[in-house]
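Visitor: Protein chains in written order, with our numbering: chain A, 1050 to 1292; chain B, 1050 to 1292; chain C, 276 to 342; chain D, 276 to 342; chain E, 32 to 389; chain F, 32 to 389; chain G, 147 to 326; chain H, 147 to 326.
Hints were generated in silico from the structure; no laboratory data involved.
Predicted, not measured: the structure shown is a model, and the values here were computed from it.
Incorrect hints may have been included.
To be verified - Which residues of chain E face chain B? A few of them, derived with a C-beta cut under 8 angstroms, are:
(1) S101
(2) S105
(3) V123
(4) G230
(5) K237
(6) Q286
Yeah, the Cβ is synthetic: ideal placement off N, Cα and C, and Gly gets one too.
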Amino acid sequence: MEKVYERNKLLANFNTSFCPGCMHGTAVKLICEVATELGIEDSIVGVMPIGCSVQWGMFVNFDTFGVPHGRAAATATGYKRNRPDNVLVVYQGDGDCSSIGLCETVHAANRGENFTVIMINNQVYGMTGGQAAPTTLPGQKTTTSQAGKNIEEMGNPLNLAEMIAGLPTPKYVTRQTLHTPKGVLAAKKAIKKAFEIQIDGGGYSFVELLSACPTNWKMTPGNAVKYMNEVVTKQYPVGDLKG
Amino acid sequence: MEKVYERNKLLANFNTSFCPGCMHGTAVKLICEVATELGIEDSIVGVMPIGCSVQWGMFVNFDTFGVPHGRAAATATGYKRNRPDNVLVVYQGDGDCSSIGLCETVHAANRGENFTVIMINNQVYGMTGGQAAPTTLPGQKTTTSQAGKNIEEMGNPLNLAEMIAGLPTPKYVTRQTLHTPKGVLAAKKAIKKAFEIQIDGGGYSFVELLSACPTNWKMTPGNAVKYMNEVVTKQYPVGDLKG
Amino acid sequence: MPKIVVDEKFCKGCGLCFGVCPKDLIKAGPNVNAAGYHYAVQQREDECTGCKLCAIICPDSAIEVYK
Amino acid sequence: MPKIVVDEKFCKGCGLCFGVCPKDLIKAGPNVNAAGYHYAVQQREDECTGCKLCAIICPDSAIEVYK
Amino acid sequence: MSKKEVSKGNEALMEAAVRAGCRFYAGYPITPQTTATEYLSWRMKEIGGQFVQAESELAAINMVAGASMSGTRSLTATSGPGLSLMTETLSVMCGGRIPGVIVNIQRYGAGIGGIQGGQSDFYMVTKTFGHGGLTGLVYAPVSTQESVDLMVKAFDKSEEYRVPVVMLTDGSMGQMMEAVALPDFIDPPDLSDQPYVAGTRNGRVKRAIFDTPWFGSSPNMADNVEQAYIAYEEMVQKWDETEVMYEEYMMDDAQYVIFAWGTSARVAKTAVKTLREEGKKVGLFRPITLLPFPKSQIAALSKNKIKAALAVEMAVPAQFYYEVKLHLNNDIPLGSYKRSGGYMVLDEDIADAMKKMM
Amino acid sequence: MSKKEVSKGNEALMEAAVRAGCRFYAGYPITPQTTATEYLSWRMKEIGGQFVQAESELAAINMVAGASMSGTRSLTATSGPGLSLMTETLSVMCGGRIPGVIVNIQRYGAGIGGIQGGQSDFYMVTKTFGHGGLTGLVYAPVSTQESVDLMVKAFDKSEEYRVPVVMLTDGSMGQMMEAVALPDFIDPPDLSDQPYVAGTRNGRVKRAIFDTPWFGSSPNMADNVEQAYIAYEEMVQKWDETEVMYEEYMMDDAQYVIFAWGTSARVAKTAVKTLREEGKKVGLFRPITLLPFPKSQIAALSKNKIKAALAVEMAVPAQFYYEVKLHLNNDIPLGSYKRSGGYMVLDEDIADAMKKMM
Amino acid sequence: MENSYLLAGFGGQGIQTLGQLMVYAANEADKAATYLPAYGGEMRGGTSNCTVKISADEIGAPAAKSYDYVVVLNMPSYNRFKDTVKPSGTLIVNSSLIADAKAPEEVKLIEIDLSELSKEAGSALTGNIIMLGLLCAYVGDIPQEAAKEVMLKKMGKKEEYIAMNSKAFDLGVRQAKAYA
Amino acid sequence: MENSYLLAGFGGQGIQTLGQLMVYAANEADKAATYLPAYGGEMRGGTSNCTVKISADEIGAPAAKSYDYVVVLNMPSYNRFKDTVKPSGTLIVNSSLIADAKAPEEVKLIEIDLSELSKEAGSALTGNIIMLGLLCAYVGDIPQEAAKEVMLKKMGKKEEYIAMNSKAFDLGVRQAKAYA
Ligand SMILES: Cc1ncc(C[n+]2csc(CCOP(=O)(O)OP(=O)(O)O)c2C)c(N)n1
Ligand SMILES: Cc1ncc(C[n+]2csc(CCOP(=O)(O)OP(=O)(O)O)c2C)c(N)n1
Ligand code: SF4
Ligand code: SF4
Ligand code: SF4
Ligand code: SF4
Ligand code: SF4
Ligand code: SF4
Ligand SMILES: [Mg+2]
Ligand SMILES: [Mg+2]
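Here chain A stands alone, though its shape is the one from the complex:
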């Protein structure tokens, strides 16, 4: 009997501190699997942002470095310009990437920095306990929109991927989801494509991954999947936006 699916070797041999059903784990797993398939175990380097997302750096078997909240793309610019041969994965939450860090995110994309940004869109600030993010859906209840997000006051969800896809410089912009096996496989393909572009020196790529935060959505993981299917993917249509 052959092992046809195994735990990737770039994952640490202890469990993550993500909550049950949190799809940060899925995203990190995919990064590791792609790194293995591309044989870049020795050249992949990760950026740890601020958010629940930060934890990814603590359980992958390659170097990762931390950055202040939102500044991942700037720090990554400084790093990658000097280590062009390493494959740099800038892993960020939606709050980190699209709220406080929007300026750095967009300018790095516009300069065409040769790295890959992977943004986990779970529509909330996970780590701080579920406040509204720019990505929060209209009417969504969060701890800072307790009556449901009022778009008159807080604005429509910020479709960052579309915004970046609208710039001329970025090479590849895509949105995928992690709530179905099909979605996970497509997400993996997208990550692979992004890494390949980077390895070829092709420039900037942006991969948004829709994800669940059962804890702050106050849902079971199962209900979170249902909600993603019925609501989240409607606001955030899945697919390649550019490249």
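Please build the complex by placing chains B, C, D, E, F, G and H with the ligands on the supplied structure of chain A, with the hints as guidance.
Guide: Okay, now just chains B, C, D, E, F, G and H with the ligands, sitting in the frame of chain A:
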């Protein structure tokens, strides 16, 4: 004999410190003319950013307040939410608005704050002596791109108006130019429309105005006009983008 | 015969795998692991097709699949 | 008869008005103002149509137009 | 003053702001401030005020400055990393003489540090609000009760002196629940005539509100600015006489003094009680204002009476300790007891550290 | 050391950085720093290094941190408002023990302030690099020559202690032209094995470089952090013994001392010369490192010898004055001569102010 | 007279609610009380804990080196906190999840099978309410009536909840008598 | 012996270049020299000015309260700086733009018609070079040869420029003799 064009009364009775041929003066004149035509002399309030643009606040006859570099949209949010009956003009340079202040600019637009941003796009940091801005054209020589802007390293020009027009919330987004009388008249119409939307409580509007910085372009004002005609308006097509 | 092995150490009992198994083979088990989670167990092992969907969806890489 | 009046105090001699006058009526004058600029002067006054283009383009609101 | 009700520190403090007439809040979530932001997200609406969840702390403080320039009592709350992001604007507010209240619910450590309570932002708030060396007042309450009691004062002083005022609490104070009597409601003051408020006069003459000192009696802006800064220094120096607040506990016959502020002082009080029970003549000196710092009051503690002293803080490297040392008579030995890592200082340890100096 | 060539202060300093092995620069234009950024915009390319015009100072300092973590000597330059925007990241760099050199070409005043030279960022760079109370070394050269001479040291020390190091000049120093002998070229050091450098080992074991103290000998992160901060305090205290630099000029028989740093000290030297010509026994004490501050050296100036002193600075409110006062024997009267508004202190005025104290 | 409590368990066991209810109750009885949660990172995954102090006078430190009463509801909490009881204090363990608990010398040990008792109360979620009853009755610094009243007010208005929680509280009180 | 200079004019008059050339020249002659421009906001529109010091020894202050030589090339500069000459110093004015200049007591006044002279040199833009020649020859702290050489090196390689600037410099030197 009838006076058919006069110096607007909201302009101070002393000359500005803008350079000869600088179109900041044109933009400010238009704001004052529109304010007079709409009869909002008593309710118009301006935001002074950092840049050559800051000077506008010193020679208009209504209240203006200063803000740190790039934060105009945030400060304006705090102001306007508490003084909804005043007409708030957020006047910014392209560097201020689209580089250091991009995060504040985009989020205010996305929240749909009820004020008008007027961005003077002269493709350089004027006040600090002509460094490249995100708006600088490919190949353009500036003090920080002395061999001409290399888009491989510095990125393509950031078309901020298009970016904002891509958001669902903003009501009116337009790009106009100040280098021809026709352009000036169209710019005035655009400013008027933006103010009218604001007065009606309609929400966010963004008016980009193409402008010359003869000093840092190292051109005579006349050559600057020619350059705008032949080069600048090609990169930045004029017209309404939304609303 | 295809089968899966759940590493109880990694499983958080989230149940994502339960929902995706076309044969509905996975359930929360009766026992808890060190972290306090009722980890997943496969039932009716012989019906497993080795389709890997459960492993693919698992956020905690707790499932290995044999075929 | 239409005409323009340039307020020398405000004029910076930038020349933008020179280029837009359909009748090519405006030139840099021989005198400098307090700020050191050769301010604009209208020539062949009688040809002015009062079209206002010069005033519209002037960044320093130095031109008044009469008709 | 209403009846005592059990409340979370952060929520009580935010409610106190509302009662003090604050009608604008902008903030960005950061542990351990989040409950403050969450509370005002619905409470401001209820009271007819405005709440904005800002895109960052940098945006938040600018929103507060904008709201202040509209004549509204306005507030933000944050923790260390967020406060660092606010320094440029705080400097602008000092320079431009724009009021506003900033609650800093301290976590510990530098950089990302940790989210548990700490007191390591002492230097940041007492030395300079960003570049340029200007500062505002800094209050450091010891308990939820004192924090709510100081809230009205914070707004009043901020407007009186036209400077940003910092209210310095910490994560444990913010998360703690205890009974508190909230202050009475007061009506928001009418600030529309203040020189830093824009757009409030009909038929008004132009005013540029912008680093206000630029526009002074001289046509030479540089001279105006220099004059304004001279006046600023005089103002701050007068605070030493008029605005210093501190508490002395069992100091009358004390031969040993514990210096502490905020949460550390609260814990130190227990240590003092314990030591007194053991017959040791120990007292507590607690600055309530960290800026102005009670310099002369500390200097005045006579060396004849005081045999040794201990500075207690939740900050490593020490900060408060060095500040006390600068003002305390050199002949009094001063020890340092400090914790970081999110550990609260403990009364037993404080007592031990003090005893070691006896 | 090459032959003396006339050079702009900013450009000479940037060239010195290049010669010191700096191969990455990120900066955002701000007067009076612009000529530094402009110079490196082409010079870095020429030498095979990287230049990035950042979208803001916040981005710039993070690019520098990233470049440092790649093992590259890296640099940014800015002025007060920009430095304020960097404080959070500077705090992160201290906490995470990431090197980097920050040149602050000071302008004057708080907030928007003015673009002319000043010395009003003294507190900001000497008290704490943002929240958390950690600091790095601060060099305050007196001339273009000294600034270029200190540049190699700045990088070396930054890497030795793994802290950000600030080089503090000002607008006048940056714009001034004078002859300077540039240091020799040195090869960029190989830093790839440094613990703060990521992605440089083949077949490497995972390392998370992130507020490094989190990962220490204990499984309890909080304990590691506390230990790391204790070590940090010890390190900074040792700097008082090992890293202090200062200059004494005509101090041997001085009865009067002028304290000054940077440009003010340069001007003060002329005042000392003038006063000496008049037969007054005046000397100059000039800190070269502002952090560590020459505390004990100032304290050691005996009150028997020194009758009065004057602290000179281009900052209102005074900052350096208060710092000197803290360390100077209380019995020595200390005067303050200070300017703001972009005015340079002038030797005639310094001499007058000193004479008034005689 | 000041009593200090350390309460610990895993996330779902209602430890924080227990601590808060104690403070509400103490306040009703005009006593000073503080509740201080361990928060943030510690919450996700691991154990959840808080400290409570109740006193007739002003309370200084809201935390301590050791506590009069240490309540541990799961094994990791037991391991972490069993040695933080004051010499004359009491260690209260949830015997349904902590087998073979041992108290340090001079420390009194109380074992209570919350899983059994909460079944009796009608819901697995009532463990913390049972503990509230037990603490009130056993320690005696919070009047039982006040505690029960404020608890019922805070714990939801549904009839069935009220009945269930009321029963749970009483079960705790009853249990306390066994150790009195 | 330290000489201090204040040079002022409007933007296009090449004041900053003049100051820089003086420092380059002084350095060639192994003298210490500083050039300090007034920069930034002051540049746009208004006057442009800078200060130069030249000395055999180390230079302290790069600016001063008053100067040995004050050179003013336009009216606003004259008004602003005419009273900053040291008692025994010299005020040098461009008489083509400054009519009826008066020097304070004890100050020597030199009037030079730059517009006239620069016509002679061949370009209105050579005023600052003429002034360089004048200052070198008049003050004597910078050797004329060194100054001329470095000036020609810095001012552009085109033959015609070299000829023109050379002539301008010489005109300045010639003029200086009139005031010697
Ligand atoms: C300057 C600063 N502001 C705020 C915070 C607090 N903070 C930590 S994580 C976080 C939000 C993270 O949300 P997101 O990026 O969506 O990541 P998630 O936790 O959802 O994965 C915030 C606001 C901080 N650490 N630093
Ligand atoms: C925090 C900060 N960084 C940098 C500066 C310096 N600065 C002043 S104006 C300016 C650029 C302005 O350019 P732009 O917004 O395009 O306006 P313009 O002058 O072209 O009208 C810069 C970078 C500053 N004042 N504050
Ligand atoms: S809080 Fe949300 S984002 Fe964070 S680990 Fe838990 S589920 Fe994931
Ligand atoms: S520098 Fe450019 S933008 Fe500034 S005033 Fe002059 S022309 Fe206008
Ligand atoms: S998906 Fe993974 S973690 Fe979740 S229950 Fe299944 S095996 Fe366990
Ligand atoms: S491999 Fe397929 S069939 Fe087998 S348990 Fe997993 S999902 Fe079910
Ligand atoms: S456009 Fe105006 S400022 Fe320019 S030359 Fe004509 S009148 Fe003068
Ligand atoms: S009004 Fe028309 S015709 Fe008359 S001067 Fe102006 S542009 Fe020429
Ligand atoms: Mg998120
Ligand atoms: Mg611009």
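Visitor: Compare the structure with the hints numbered earlier in the document and write down the numbers of the violated ones, lowest to highest.
Guide: 6
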